[in-house]
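Peer 1: I would like the entire structure built from these sequences, with the hints used as guidance.
In the UniProt record's numbering, the protein residues as written are 1 to 250.
I should point out that these hints are in silico values taken from the structure, not numbers from a laboratory. Please read these numbers as outputs of a predicted model, since none were measured by experiment. Be careful, since some hints might not be right.
Claimed, not checked - Derived Cβ-Cβ restraints for the label pairs, each shown as a range:
# : residue 1 : residue 2 : range
1 : Leu248    : Arg114    : 16 to 22 Å
2 : Arg114    : Ser68     : 41 to 47 Å
3 : Pro156    : Pro215    : 24 to 30 Å
4 : Gln182    : Arg5      : 21 to 27 Å
5 : Ser243    : Pro215    : 24 to 30 Å
6 : Ser243    : Ser213    : 20 to 26 Å
7 : Lys112    : Ser243    : 32 to 38 Å
Every residue, glycine too, gets a C-beta built ideally from N, C-alpha and C.
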Amino acid sequence: MTTPRFHDGPDGRRLAYHLTPGRGPWIVFLGGLKSDMEGTKALHLEAWARAEGRAFLRFDYSGHGQSSERFEDGSIGDWSQDTVAIIDALTEGPVLPVGSSMGGWQALLLAKRRPERIIGMVTIAAAPDFTENGYWNSFSDEQKLKLQSEGRIALPSDYMDPYIITWRMIEDGRNQLVLQSQLDLAFPVRCLQGTADTAVSTETALQLLHHASCPDMRLMLVKDADHRFSDGPCLGIIEDAVSEVLALVE
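Peer 2: Laid out in structure tokens, this is it:
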């Protein structure tokens, strides 16, 4: 693990990042919930970008990886602020976000908040609105009451320690929903989704595809690929998707 640099983000949050200079558009990797910028997909895409002479940025949201703050104190809106702030501060010109899981939601929020800068997008198992559609709607009445009265509950995870889900995350998530109103994506979008993904369903991928207004949006379903989407063939598919979008906009 190499030593990151740090950017002073919103409300004093220190955001760890690695930046690779190169020719634009900037490729920005947006990781998933409780993931970090040292994951397989982020590092592989960085190496690919460096080999191609491409500008690349990976970073940790607050409460993730090597950035400051505690995960359980954060929210979708906080991490959206982090994303906008670090892209504004460290990059110039066109941006192509590559969003994985929760990072797919962050990419869509970025497109709403900086539409003039986004020239294309790639999502990997995108999980828009999951705090409401995935968490809240699946909670039992007992879980909902505990969340509202105690402010948090713990959910088991297939990948790491239990997730601490807070009432603040649920409430804030309702202010960040992208599937409940018009979603205009005026650029090429490539969505990648594994059929063996147990965290994000193909129905979610199809909902995003049908909901968004976009002149060139395509969904690729990859048989038997899981939520990690990080084995050799899947990494190649991510490269191909990024290359395809770049070829369309350059």
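Peer 1: Is the gap between the beta carbons of Lys112 and Ser243 within 32 to 38 Å?
Peer 2: Given range 32 to 38 Å: violated, Cβ gap about 26 Å.
Peer 1: Take the C-beta atom of Pro156 and the C-beta atom of Pro215, compute their distance, and say whether it sits inside 24 to 30 Å.
Peer 2: Given about 41 Å between the Cβ atoms, the range is violated.
Peer 1: For the range 24 to 30 Å, tell me whether the beta carbons of Ser243 and Pro215 fit it or not.
Peer 2: Because 19 Å falls outside the window, the suggested range is violated.
Peer 1: Given the range 21 to 27 Å, decide if the beta-carbon distance of Gln182 to Arg5 lies inside it.
Peer 2: Hint violated: Cβ distance 37 Å, outside 21 to 27 Å.
Peer 1: Could one say that the CB atoms of Leu248 and Arg114 fall in the range 16 to 22 Å?
Peer 2: Since Leu248 and Arg114 have Cβ atoms about 20 Å apart, the given range 16 to 22 Å holds.
Peer 1: Could you see if the CB distance from Arg114 to Ser68 stays within 41 to 47 Å?
Peer 2: violated (23 Å)
Peer 1: Ser243 and Ser213, beta-carbon distance inside 20 to 26 Å?
Peer 2: holds (25 Å)
Comparing the model with each numbered hint stated earlier shows that hints 2, 3, 4, 5 and 7 do not hold.
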